[in-house]
Structures are given as structure tokens and as C-alpha cells.
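A.B. asks: Sequence:
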Amino acid sequence: MRKVKIWWIIGYGLFLSFLILNIRLVFSEDSQISRSYYISEYERATSNTERAYIEKDALIVPKEEIHITANAEALSQISVQPGQKILMDEEIAAYKTEEAAKERKKMEAERMAYERELITLEEIVAKLEVEEFLDEPTSNFDTEEIGDEFTFTIETQILKESPIEAIAIVESRIAEVQRNIDIIDEQMNELTVSNVLSSPVDGMIGDVIEENGSVTFILYPNDKNLLTYLSEKEWQQINENQNVELDPLLVGENIGQAGGAEELELAAEGEKELLGVVVEKQNIPAIKSIWYKEMEKVVKLPQPTAYELRIDLDEQIINKPIASLTKAKIIIDEALNAHRLKKEWVHTDNTSNSSIGEFVYILDEEGKINLSPVHLEFHDHGTTVFTSSIEDGTVILNDKERKLYSRSFFPFPTEWPDKELLTTFTWEDYFKYLFLY
Numbered sequence: 000m001r002k003v004k005i006w007w008i009i010g011y012g013l014f015l016s017f018l019i020l021n022i023r024l025v026f027s028e029d030s031q032i033s034r035s036y037y038i039s040e041y042e043r044a045t046s047n048t049e050r051a052y053i054e055k056d057a058l059i060v061p062k063e064e065i066h067i068t069a070n071a072e073a074l075s076q077i078s079v080q081p082g083q084k085i086l087m088d089e090e091i092a093a094y095k096t097e098e099a100a101k102e103r104k105k106m107e108a109e110r111m112a113y114e115r116e117l118i119t120l121e122e123i124v125a126k127l128e129v130e131e132f133l134d135e136p137t138s139n140f141d142t143e144e145i146g147d148e149f150t151f152t153i154e155t156q157i158l159k160e161s162p163i164e165a166i167a168i169v170e171s172r173i174a175e176v177q178r179n180i181d182i183i184d185e186q187m188n189e190l191t192v193s194n195v196l197s198s199p200v201d202g203m204i205g206d207v208i209e210e211n212g213s214v215t216f217i218l219y220p221n222d223k224n225l226l227t228y229l230s231e232k233e234w235q236q237i238n239e240n241q242n243v244e245l246d247p248l249l250v251g252e253n254i255g256q257a258g259g260a261e262e263l264e265l266a267a268e269g270e271k272e273l274l275g276v277v278v279e280k281q282n283i284p285a286i287k288s289i290w291y292k293e294m295e296k297v298v299k300l301p302q303p304t305a306y307e308l309r310i311d312l313d314e315q316i317i318n319k320p321i322a323s324l325t326k327a328k329i330i331i332d333e334a335l336n337a338h339r340l341k342k343e344w345v346h347t348d349n350t351s352n353s354s355i356g357e358f359v360y361i362l363d364e365e366g367k368i369n370l371s372p373v374h375l376e377f378h379d380h381g382t383t384v385f386t387s388s389i390e391d392g393t394v395i396l397n398d399k400e401r402k403l404y405s406r407s408f409f410p411f412p413t414e415w416p417d418k419e420l421l422t423t424f425t426w427e428d429y430f431k432y433l434f435l436y
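Sequence positions in the sequence shown follow numbering that gives the first Met the number 0 and run 0 to 436.
It is possible that some hints are incorrect.
What the hints assert, rightly or not - Pairs of lysine-lysine, DSSO-like flavour, derived with a Cα cap of 27 angstroms: (1) Lys326 - Lys292; (2) Lys287 - Lys341; (3) Lys342 - Lys280; (4) Lys62 - Lys296; (5) Lys232 - Lys280; (6) Lys299 - Lys232; (7) Lys62 - Lys95; (8) Lys319 - Lys299; (9) Lys342 - Lys232; (10) Lys223 - Lys367; (11) Lys326 - Lys62; (12) Lys287 - Lys223; (13) Lys402 - Lys341; (14) Lys292 - Lys271; (15) Lys367 - Lys342; (16) Lys223 - Lys328; (17) Lys402 - Lys84; (18) Lys328 - Lys296; (19) Lys223 - Lys84; (20) Lys328 - Lys232; (21) Lys84 - Lys319; (22) Lys223 - Lys341; (23) Lys223 - Lys126; (24) Lys296 - Lys232; (25) Lys62 - Lys328; (26) Lys418 - Lys402; (27) Lys62 - Lys223; (28) Lys62 - Lys299; (29) Lys328 - Lys299; (30) Lys402 - Lys367; (31) Lys223 - Lys292; (32) Lys84 - Lys292; (33) Lys232 - Lys84; (34) Lys62 - Lys287; (35) Lys299 - Lys342; (36) Lys296 - Lys342; (37) Lys319 - Lys271; (38) Lys280 - Lys126.
Just so you know, these hints were derived from the structure itself, not from any lab.
Taking the hints into account, I'd like the entire structure generated from these sequences.
C.D. replies: Given below as C-alpha cells:
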């Protein structure tokens, strides 16, 4: 009886050892025995234009501000008030007859000052263009004709970045000075034929400021663009001329005036992409301008330092008033015909003799597990964007490592096939699936 028990124990031990050995042979990571994998998590490849963004709240502001100043005692009347719409050549103030000639002389002197500044700025540009080819730019500029803040901006730009950036700043100032000269020319022409001060643009009166014996008219042209404010980290990631995704309804039909089906139709049409471009990135901390203060009322701005960024677009903003908010998605990375997956799903081949690099697991046409090399483009919020030769519709598997060329099976469908799909199947199709596959 005891011998029988011993043989039973030996038999059980051998059987258990055999079972453990088989389990190890089949399920160990280095097993050479083919297996089938249950696929519980996967995605079908879809190629798109993939982008990474920095999303910001942006304030709609006038594209430019025009300041016109006159001697308060020389005016017989002020014809406008803040918020008033105005047309080009429309009267904003009238001069006393005896004061018109004096004002014209003042304008001539002001024009000459702008001319001198223009010459100085053009000389600075010429020197900066030489600086581009030097390893250690050390130019000294005669900046008596321009403001201290502007001089500081140029010198800081050369020290921190390069003369190329400084050239862009100076050329922007040149355009502003030339614009002021054109405005003065128009005002002088008006004074030649009449005693009025007229608007040089279509737009609105932003403000009328009376102080220190002068009256300053601030005019906002109809053209608008966008301002936003960056943190130092965001400033490092963004450059001028980068594209920005904007709300298409900024420039579409005035949806607010439509109703019902017409409104929905206009909204659908507004889904087309609207791109702006970064036209100016300030290199010094933002000053607390009127627009900074307006935005500060509704948005928490970067602290302790914020940098101003201006975004422009080709089309005219018609559906939002000045000082209203919109969304701006600044594109910092972009890849065409690319795929996006969870970062963990993209594997790296670390073997020394391999040239594959990064890859993903896919199912091939025979339903077997294979790998496909990919080219990494960028990472974005826990995902990886890559380009590859993977065709749309290909099944891409999750992050688990798998043995190549193994078969796979999927969960049983939880939904019934579409009726229209079923009606397209003929008896020949059913016969093939039943007996030939």
C-alpha cells in the first residue's frame, strides 16, 4: 500500500513537472513555440497633417494706432469724440484762421525731424547688415535722433540674439516713421486748401486727450489683428513667421445676424481653416499699455514677466469688436501625412546590430504580427507623431512586446453588422467564407 502511494506521488510530481515545463516553453518571453495573441487594444492607422500647438487667449486690437497732435489754442473746435466712426478726409478738428499758417510751419518742422530720424535709421540698418558677417558684433550707433527705449531695444537685441533681429526692429520703425511723414503731408495739404484737420484713414476715434496745451487724437483704422502675451518658456518656443490657427468665424459672414438654418449653414462654411502669422515678437518685457490692461481684466497673464506677441492675418476681422477675446493656436511643430499614437506604443530597437531604430507593431495582410519602422517627427502631450510607409487602415497594436509572425485574434464583435452590408453579400460570398477560408 505504501509502495502504491509512493508511485502516485512520483506520478503526480512528474505530471506537474511536465505541465510546468510546457507552460514555460509556451509562455516564456524567449519561447520559440508559435502562439496566437489576443488583441484587446489597437488603432487603425489614419494619416493626417499633425500639429503641436501653444494655445493662447488673444485680444483683438487695431493693426496700428495713429496719433495726431495739435496746439489746443490753435483749434476753433474739436469735431469728434471717442468711439466715433470716421471716414478718410473727414474733419476731426478745425483751426482758427489766424493760427493755420503757424500750424503749417510746425508741421514742416516736425516733418524735417522725421526726415532726420529716417536717415539715421537707414544708416543703422546699413551698419547692422555689415554686423551680420562679423563674429563679434560691436557697433556703436549715433542714436540722438531716436528715443532711448528704441535705442535700448536695438542694443539689447544685438547682445542677446543677432543683428538680423535688430534689422527687423529698425525696419519696423522705418515703416512707422514713413507713415508719420505721409500723414503730415496729408495734413499740410489740407491746411493749404482749408483750415481743417482731417482723418487720414477710415476707422474710429480711439481717444481725444487734452493735456499740457495740446490735443492728441488717437485714431484706430478698420484693420485689426491680435495681441497675446507669452511667458519666458513660451517665448523660447515661438519665432516670427510661424503660422497660427485662428477661429474661421472671425472673418466669415456675420453669423450673429443670421438665424435658424441660415446660421447653421454659415457656421458650417466657417469650418475652413484660417491661418494667421506671427509678425512681431517683442524681446523686452511688455509695458502696461491700454491693451495689456484690457486683457489683464479677463485673462491671467504670465508672471513675473510677459512678452508681447502680435499675430496678423490677410483677411479682415469683421465679427469681433476691438478688445474682445479669441483663441490662437500657435503652431510649433507640423508633419504632413503623419500618424499620432500614444508615446508608449512606439518602440525603440536598442540592439547594436540593428538599423531599424523606432518601430510599431502592426498586423500584416495575413493577420500576423509584424513590425514597421517609423520616423519620429515630434512628441506632443504624451503622444508621438511619426511618418512611415504604413497604409491607412492598417491595425497598429499597443505597447506590449510580441513575437513576430505570430497569429492574432480579436474580441467577438459586440455590434451586429450593418443591414446594408449584409444585403451586399451573395450566396457565393458565404460559400467562400464557409468552405474556402
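A.B. asks: So, against the hints stated earlier in the document, which numbers end up violated here?
C.D. replies: 2, 3, 7, 10, 14, 17, 22, 23, 26, 33, 35 and 36
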